[in-house]
Amino acid sequence: MTSKILAILSPPGDDSIISQARVIQAHQPDLVILLKTYFPGQNPTPSSMRLLAWIQGSTELIDTYPELCSLIDIPYTAPFGFQPANNFGAPSVLEVDIPANELHLHVLELEKRYGESDFRFDILPGAKKVLAPLLIPGALQSTKITYSLEEGHILILHDDGTYTREEGLFLSLIDRFWLAGIPVYVENNKESISEMSSLYSALLNSQSIEFQTKNDKIRDKSRKKSPSPNKSIDLPLNSLNETAFKQFQDSGGTIEHLPEHVKRLTLNDLTWEIKTEEDDFKLGNSLELIAANEIVRHWEDIVELNQGVSFLLPTKVGIKEQVRRLLERELSDFQSNPGKKHTRSAWIRRCSRLGIDLESNTENFLIEEITDSEIEYLKSLSSEELIPHLWMLRSAEVDIMTMGEFGVSMFDVKQSMWRESYLDRETKATQISQNLVLRNKEYMFIVNSTSPFERSNILHLTRLSEGRDILGKRTRSQWKPTNLNLRVLRRIVRKQIQTMEKAAGTKIEVLKRILPEFFQDQTKQNPISAISSGATIIQNKQDAIKKISKALLEHMNGKPCTWSEAATVIGGVITTEQKKQFFGKKKFTRAMAEELLRDYISITYRTGKDAIVEPAN
Amino acid sequence: MRLFAVIGTSSTLLLRAAFCKPWSTIVLFHTDDRNVEIFRNQMRIYSKRNGLALPTIEGFEIPPVDTLNSLSDFMEKIVASMPKNRLQVDDNDVLFYSGTVLHIRCLATLHNFRTMLLHDTKVGFHTTGDLKLQCDKVSLTLQDFLEVNQMIMTTRHSGDERSYVILRSKDDSWETKSKYLLNTEFTNDKLHLYWGKPPSSTQRKFVAMDCHELKQHFGQYTIIHHNLPPAIDLLMRYSSDFENEEEEE
Chain A
1 MTSKILAILS
11 PPGDDSIISQ
21 ARVIQAHQPD
31 LVILLKTYFP
41 GQNPTPSSMR
51 LLAWIQGSTE
61 LIDTYPELCS
71 LIDIPYTAPF
81 GFQPANNFGA
91 PSVLEVDIPA
101 NELHLHVLEL
111 EKRYGESDFR
121 FDILPGAKKV
131 LAPLLIPGAL
141 QSTKITYSLE
151 EGHILILHDD
161 GTYTREEGLF
171 LSLIDRFWLA
181 GIPVYVENNK
191 ESISEMSSLY
201 SALLNSQSIE
211 FQTKNDKIRD
221 KSRKKSPSPN
231 KSIDLPLNSL
241 NETAFKQFQD
251 SGGTIEHLPE
261 HVKRLTLNDL
271 TWEIKTEEDD
281 FKLGNSLELI
291 AANEIVRHWE
301 DIVELNQGVS
311 FLLPTKVGIK
321 EQVRRLLERE
331 LSDFQSNPGK
341 KHTRSAWIRR
351 CSRLGIDLES
361 NTENFLIEEI
371 TDSEIEYLKS
381 LSSEELIPHL
391 WMLRSAEVDI
401 MTMGEFGVSM
411 FDVKQSMWRE
421 SYLDRETKAT
431 QISQNLVLRN
441 KEYMFIVNST
451 SPFERSNILH
461 LTRLSEGRDI
471 LGKRTRSQWK
481 PTNLNLRVLR
491 RIVRKQIQTM
501 EKAAGTKIEV
511 LKRILPEFFQ
521 DQTKQNPISA
531 ISSGATIIQN
541 KQDAIKKISK
551 ALLEHMNGKP
561 CTWSEAATVI
571 GGVITTEQKK
581 QFFGKKKFTR
591 AMAEELLRDY
601 ISITYRTGKD
611 AIVEPAN
Chain B
618 MRLFAVIGTS
628 STLLLRAAFC
638 KPWSTIVLFH
648 TDDRNVEIFR
658 NQMRIYSKRN
668 GLALPTIEGF
678 EIPPVDTLNS
688 LSDFMEKIVA
698 SMPKNRLQVD
708 DNDVLFYSGT
718 VLHIRCLATL
728 HNFRTMLLHD
738 TKVGFHTTGD
748 LKLQCDKVSL
758 TLQDFLEVNQ
768 MIMTTRHSGD
778 ERSYVILRSK
788 DDSWETKSKY
798 LLNTEFTNDK
808 LHLYWGKPPS
818 STQRKFVAMD
828 CHELKQHFGQ
838 YTIIHHNLPP
848 AIDLLMRYSS
858 DFENEEEEE
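Chains as they are written, first to last, in this note's numbering: chain A, 1 to 617; chain B, 618 to 866.
One chain only, chain A, in its complex shape (with noise of 0.2 Å):
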């Protein structure tokens, strides 16, 4: 058999890593010869010790990182190292020292040594200025010029522009985390989701809407912020109230109400425990593995998914910080308000764990001691026993992350997301620190609410089932009502619409008739209602201008309106991002609504007054 030899460029430091193990992990050579290039004027520099690390195994790579377990027990969730294909085992490694610009020269002698091989160079790592002379037509005669895919194929680029595609291996999102230096500790992956599929996927046909209890009124009382106004027509959608409780039964599952708010929901011979309460939250953590499971079975392109993927402190010095700066927050959150038990909790439980005398010490608490006192106690517990507190010892969190044929994504699920500020406040955003995203663009939302706001990130989780597709579809964030759903919608609207007859004293054919602009498609008839919709499709600037201006002119109908009004008309016409994208702006300014419309409407200023707007003569 023919042996294979790949060729690829290591330049200096670690930034290629990911790329060069790539590259491997999909070729699966016999020998890899890691062209060390240099600039001149600069010295040589070693290779990657992760990446040689990796390619001779999991153990190895671990052990790059010694501090990792030295303080606490810590959960990881291990990589896999260079996995190969038909257990022939880790490739050779040949390390060359090369000047930058001798590259070509190099690589033409390389083919002339190995000819009688399956010689190969990758184009997918290293800098585009120093493999530039390699990838003009005819600048290599027999090498096979290759570029890796992220999952895993390879593509052969040929001289005269076509390529053939090649099956290859993908290096896991486990693995590429650990060579950058982060080791993870992942909860679910696709093949456990996908044991649990059939429940996950149960519950989901089974949810139903959430309606406000007196409890949860009585628990909205007693926070600090009033509930946003969404609250109300935006519920959330889930399987853990009595009418999904019902269906999910007669689909065949069983329900146990179990102490400390936790349900055991079977199915067949699948069981899952769900704690839905805890120091008066409620918990919305179980949609995160529905939805994982509606990527798993739906989205073709995905190769791999973690679901629960926390980002571990690799040494003692960021552990302890880490410790303290959560302790120092959970202290603050109970001095502040120490009446109220969503945040007062938290600090109880954890004083009467670590012995501390809550009554003596209610002004006086003495950080760096609990510090050490909850670093003591971590360090008597066992990796399992430490997967609850995790959340101590990581640096983010993100709840789903998939691979595939369009590369990484994340999402950050959400039960539902009553104000928009959620989406653009560094602060408010979510469980995932924005200092941890990879990639902003494939950074997305999946909520699960009857009506949320529409955003190009933000995905509704009964959406997910119509693939990757649905991303560059209007009704992405749209949420798509099972039979259950529609049945139970009728019959709280049918009771509604007795009440409305009973007190207009008026048949609701008749009222429908005398009063259409209440039961027309508000979206389609009036421009304000129109806010929700936030998907006009719009071409460009002129494009805009014009839906603006024939918005602002039906809604006026003639007759002046105020500034307000017509900004609430144009924020219907046009979305924020739109804004942005057309007008550079993410706000439509009345003075940019002064020079841009002026065609079609006049403004006229008062002192102290909100202006007016009238249509242009």
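The hints are simulated quantities; they were obtained by calculation from the structure and are not laboratory data.
Treat the hints with caution; some may be incorrect.
Pairs of lysine to aspartate or glutamate residues, derived as EDC-like cross-links and limited to a Cα-Cα distance of at most 20 Å, are as follows [what the hints assert, rightly or not]:
| no. | chain 1 | residue 1 | chain 2 | residue 2 |
| --- | --- | --- | --- | --- |
| 1 | B | Lys787 | A | Glu102 |
| 2 | A | Lys586 | B | Glu830 |
| 3 | A | Lys541 | B | Asp753 |
| 4 | A | Lys587 | B | Asp737 |
| 5 | A | Lys541 | B | Asp789 |
| 6 | A | Lys541 | B | Glu778 |
| 7 | A | Lys580 | B | Asp737 |
| 8 | B | Lys787 | A | Glu256 |
| 9 | A | Lys36 | B | Asp737 |
| 10 | A | Lys129 | B | Asp753 |
| 11 | B | Lys814 | A | Glu321 |
| 12 | B | Lys701 | A | Asp159 |
| 13 | B | Lys749 | A | Glu321 |
| 14 | A | Lys541 | B | Asp747 |
| 15 | A | Lys585 | B | Glu654 |
| 16 | A | Lys585 | B | Asp788 |
| 17 | A | Lys541 | B | Asp649 |
| 18 | B | Lys694 | A | Glu405 |
| 19 | A | Lys129 | B | Asp747 |
For this one, chain A is given, so just place chain B on it according to the hints.
Same frame as chain A, now just chain B:
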């Protein structure tokens, strides 16, 4: 003599390439003609500021690579569009090394480019391949850099009288949020940003967000960060692994 280039997110180096020779035409491979328009405007601003002649600019559409179009799709579509879309490239035409390495290899082989234009901080613009060209040294001043990117740089004072730098777009649609951008320096056509240590996780998030936004506005290789908190530094470096669409030096 024409210069061909993929238009990515980082336009500074491409802008300099466009003025390093008196090209008759600049042909921009693009996926959205708005980007051509933006670049045309940047060229206009630069040529006006420096009294240079503006070459003709043309666009040539290529398939996109985004959330709905993978690299495999890109290859499939671009190869399928041949020979109908094959350019008449002659020996005097030069391909600039912008875009991903896959874009470059693909465009070079499909249209048979024999010469490529590269840039090196020490050597300046130079070519590899059949044609050996002498190129002018093109350098931007800080003012050029800010003007072509439609940005303004100002200094503000925080509550504790510490001063910090703010970068904001001229139309006010964006500005850096962190109060820990302590200093800047523009050397070798790169904007060096010197960060202070953010005292809290919230402030660290502002720095991280600014880094992402700066990358979007100026491109990966035009901004050089100094003293970033290790976690952000690490992730800013590795984030380029997944989206490699900018020019590099």
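Given the hinted pair Lys749(B) and Glu321(A), is their Cα-Cα distance within 20 Å? Measuring from Cα to Cα gives roughly 57 Å; hence the hint is violated.
Given the proposed pairing of Lys580(A) with Asp737(B), does the C-alpha separation stay at or below 20 Å? violated, 35 Å
Is the Cα-Cα distance between Lys814(B) and Glu321(A) 20 Å or less? Answer holds: Lys814(B) to Glu321(A) is near 15 Å, not above 20 Å.
20 Å Cα cutoff - pair Lys541(A), Asp649(B): holds, 14 Å
Tell me if the straight-line CA distance from Lys541(A) to Asp753(B) falls inside 20 Å. Judged against 20 Å, a Cα distance of about 37 Å means the pair is violated.
Is it true that the CA of Lys129(A) sits at most 20 Å from the CA of Asp753(B)? Holds, because 19 Å separates the two Cα atoms, which is no more than 20 Å.
Would you mind confirming whether the straight-line C-alpha gap from Lys129(A) to Asp747(B) stays at or under 20 Å? Holds, at about 16 Å.
Sort out whether Glu778(B) lies within 20 Å of Lys541(A), counting only the CA atoms. violated, 42 Å
For the pair we were handed, Lys541(A) and Asp789(B), check the Cα-Cα distance against 20 Å. Roughly 18 Å separates the two Cα atoms, so the pair holds.
Does Asp747(B) sit within 20 Å of Lys541(A), going by the straight-line distance between their CA atoms? violated, 44 Å
Given the hinted pair Lys694(B) and Glu405(A), is their Cα-Cα distance within 20 Å? holds, 15 Å
Within a Cα-Cα threshold of 20 Å, do Lys701(B) and Asp159(A) meet the stated pairing? Holds, because 18 Å separates the two Cα atoms, which is no more than 20 Å.
Going down the numbered hints, you'll see the structure goes against 1, 3, 4, 6, 7, 8, 13, 14, while the others check out.
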